[in-house]
Amino acid sequence: MKRSLLIVIVMIILFLGQAQLQKKLARFESPEQETLLYLPSGKYLKPLALGYDQMLADLLWMKTISYFGDHFMTDKEYPWLHHILNLIIDLDPLFDFPYFFGGIILSLEASQVDRANQILERGIEAYPEKWQFPFYIGFNYYYHQKDAEKAAPYIEKASSLPEAPAYLVPLVGGLYAKTNKNETALRFYREAHRNATDALVKEHIQKKINRILSGIDNYDTGNTDTTSD
Amino acid sequence: MNVVKAIAVNTFKEAIRNKILYSLIFFALVMMGVSLVLDQATVGQRNKIIKDMGLASINLFGVMIAIVVGIGLVSKEIEKRTIYTLLAKPVHRAQFLIGKYLGIVLTLGVETLLMTFFFFLLVWLYGGGIDLVLLKAIFLIFIEISVVAAVAILFSTFSTPFLSGMFTFSVYVIGHLTEDLNRIASSSENFALEKLTAFFYYLLPNLENFNIKGEVVYHLPLAPGKILLSASYGLLYIGFLLVSSAAFFQKRDFK
Numbered sequence: 001m002k003r004s005l006l007i008v009i010v011m012i013i014l015f016l017g018q019a020q021l022q023k024k025l026a027r028f029e030s031p032e033q034e035t036l037l038y039l040p041s042g043k044y045l046k047p048l049a050l051g052y053d054q055m056l057a058d059l060l061w062m063k064t065i066s067y068f069g070d071h072f073m074t075d076k077e078y079p080w081l082h083h084i085l086n087l088i089i090d091l092d093p094l095f096d097f098p099y100f101f102g103g104i105i106l107s108l109e110a111s112q113v114d115r116a117n118q119i120l121e122r123g124i125e126a127y128p129e130k131w132q133f134p135f136y137i138g139f140n141y142y143y144h145q146k147d148a149e150k151a152a153p154y155i156e157k158a159s160s161l162p163e164a165p166a167y168l169v170p171l172v173g174g175l176y177a178k179t180n181k182n183e184t185a186l187r188f189y190r191e192a193h194r195n196a197t198d199a200l201v202k203e204h205i206q207k208k209i210n211r212i213l214s215g216i217d218n219y220d221t222g223n224t225d226t227t228s229d
Numbered sequence: 001m002n003v004v005k006a007i008a009v010n011t012f013k014e015a016i017r018n019k020i021l022y023s024l025i026f027f028a029l030v031m032m033g034v035s036l037v038l039d040q041a042t043v044g045q046r047n048k049i050i051k052d053m054g055l056a057s058i059n060l061f062g063v064m065i066a067i068v069v070g071i072g073l074v075s076k077e078i079e080k081r082t083i084y085t086l087l088a089k090p091v092h093r094a095q096f097l098i099g100k101y102l103g104i105v106l107t108l109g110v111e112t113l114l115m116t117f118f119f120f121l122l123v124w125l126y127g128g129g130i131d132l133v134l135l136k137a138i139f140l141i142f143i144e145i146s147v148v149a150a151v152a153i154l155f156s157t158f159s160t161p162f163l164s165g166m167f168t169f170s171v172y173v174i175g176h177l178t179e180d181l182n183r184i185a186s187s188s189e190n191f192a193l194e195k196l197t198a199f200f201y202y203l204l205p206n207l208e209n210f211n212i213k214g215e216v217v218y219h220l221p222l223a224p225g226k227i228l229l230s231a232s233y234g235l236l237y238i239g240f241l242l243v244s245s246a247a248f249f250q251k252r253d254f255k
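Quick note, the sequences are listed as chains E and R, same order.
Letter 224 of the first sequence, counting from 1, is numbered 224 in this note's numbering, and no numbers are missing.
Letter 43 of the second sequence, counting from 1, is numbered 43 in this note's numbering, and no numbers are missing.
Hints were generated in silico from the structure; no laboratory data involved.
Among the hints, a few may not be true.
What the hints assert, rightly or not - With a straight-line cut-off of 30 Å between C-alpha atoms, the simulated DSS-like cross-links for lysine-lysine are:
#1 K136(R) - K46(E)
#2 K195(R) - K46(E)
#3 K5(R) - K76(R)
#4 K130(E) - K202(E)
#5 K157(E) - K146(E)
#6 K136(R) - K226(R)
#7 K150(E) - K207(E)
#8 K43(E) - K195(R)
#9 K43(E) - K19(R)
#10 K43(E) - K226(R)
#11 K19(R) - K89(R)
#12 K136(R) - K130(E)
#13 K150(E) - K130(E)
#14 K46(E) - K226(R)
#15 K130(E) - K226(R)
#16 K2(E) - K46(E)
#17 K130(E) - K157(E)
Take the sequences, apply the hints, and build the full model.
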């Protein structure tokens, strides 16, 4: 009886001792960005995944969410977000959520617009039929960098993809208006007119073409009535 | 045939007696842990992550069991000296080995079946419905772990359990990197290196042939005949390993 009591006491002492040491050791742990620093590039990580690519991508995705959450609540700096998102995409290119997350969060939260667009370009590669990825690139160029000239071709591309909302067509016209390019706007509207299946939309676009041809809307001089879009 | 069947059934019973199926509890715990973490730590595509994790766990647990059970089969019989009694009877050494292998495959089959049931239950609970396409990946995972078990048996015929475990695990790792070997072979300008890498490319099992986890989760179309071809490749490779094992085992001296 005494012997078993002694064993239990020793066990408790050892357990509490290791717990205390763990507590102390936790203070020496490197900050999060340093642990992410050691993640190799996806080129090397993929073969090392031994066929568990998707699972590894999921685990990294969870890590991304916690990394974002930690920094969102503290310094709002995300130096490794782009790297870790690229890794996830290398491992599982069809996992579409990281493209959306990177495309929006990197530009809106981290002010890394070029990196956001790089992630979105990879999204276009993986999902060429998804209109959202070129749309977000266009949005990033226009909203964050005030560059309508770069934004317009992407929104134009988005508007031509399946399931793209109808409001993208006038949006492209509006963007070309801002770049003062009469000819480009006309080219785009003619193409949109040719592809439109809805009679009402066709009629609306034709009106727009007529306004440019008659000189009422002049994108070269910037004299346009965007309300009619 | 009856001899092989008797040995296989006995091996299966022995595995059950050794509480191999208890590993299912760990599988269940891992899956439950994953689902709990998912509730807290993920945004988007929860079903996709559950499916990825489930398939990966079935694969990983299957490989671990194949290695752990496979490496000890022959050595245990020698250690317990039951091999003398067995081989004194009209049992050919090859029959003994094939019986043992089929026993492991039966154990792995039952284990995979139970894990699949639990996995489908979890997917269903998370609102993912019953996605029968996942069975295609699980079928190829089963072939893969059967190949790994055959590799373990091959090493166990001439090596100690510890070394057999190390060798089998190495083959498992390299088996997923053979495509890279092939790439090295095709891009090498050194004739000897090219031939050597090409030799190892065909000698070692290409376990990536059995990996369609990504394709089934995303419901991507598989190349026609891919599953049949991969399964046939697996069966031929298992045949090659068992014949080699039998040849080694035949020569082994039990003194």
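Comparing the hints with the structure gives:
no.: 1; hint: K136(R) - K46(E); verdict: holds (23 Å)
no.: 2; hint: K195(R) - K46(E); verdict: holds (26 Å)
no.: 3; hint: K5(R) - K76(R); verdict: holds (19 Å)
no.: 4; hint: K130(E) - K202(E); verdict: holds (23 Å)
no.: 5; hint: K157(E) - K146(E); verdict: holds (19 Å)
no.: 6; hint: K136(R) - K226(R); verdict: holds (11 Å)
no.: 7; hint: K150(E) - K207(E); verdict: holds (26 Å)
no.: 8; hint: K43(E) - K195(R); verdict: holds (25 Å)
no.: 9; hint: K43(E) - K19(R); verdict: violated (41 Å)
no.: 10; hint: K43(E) - K226(R); verdict: holds (26 Å)
no.: 11; hint: K19(R) - K89(R); verdict: holds (29 Å)
no.: 12; hint: K136(R) - K130(E); verdict: holds (28 Å)
no.: 13; hint: K150(E) - K130(E); verdict: holds (19 Å)
no.: 14; hint: K46(E) - K226(R); verdict: holds (22 Å)
no.: 15; hint: K130(E) - K226(R); verdict: holds (28 Å)
no.: 16; hint: K2(E) - K46(E); verdict: violated (57 Å)
no.: 17; hint: K130(E) - K157(E); verdict: holds (10 Å)
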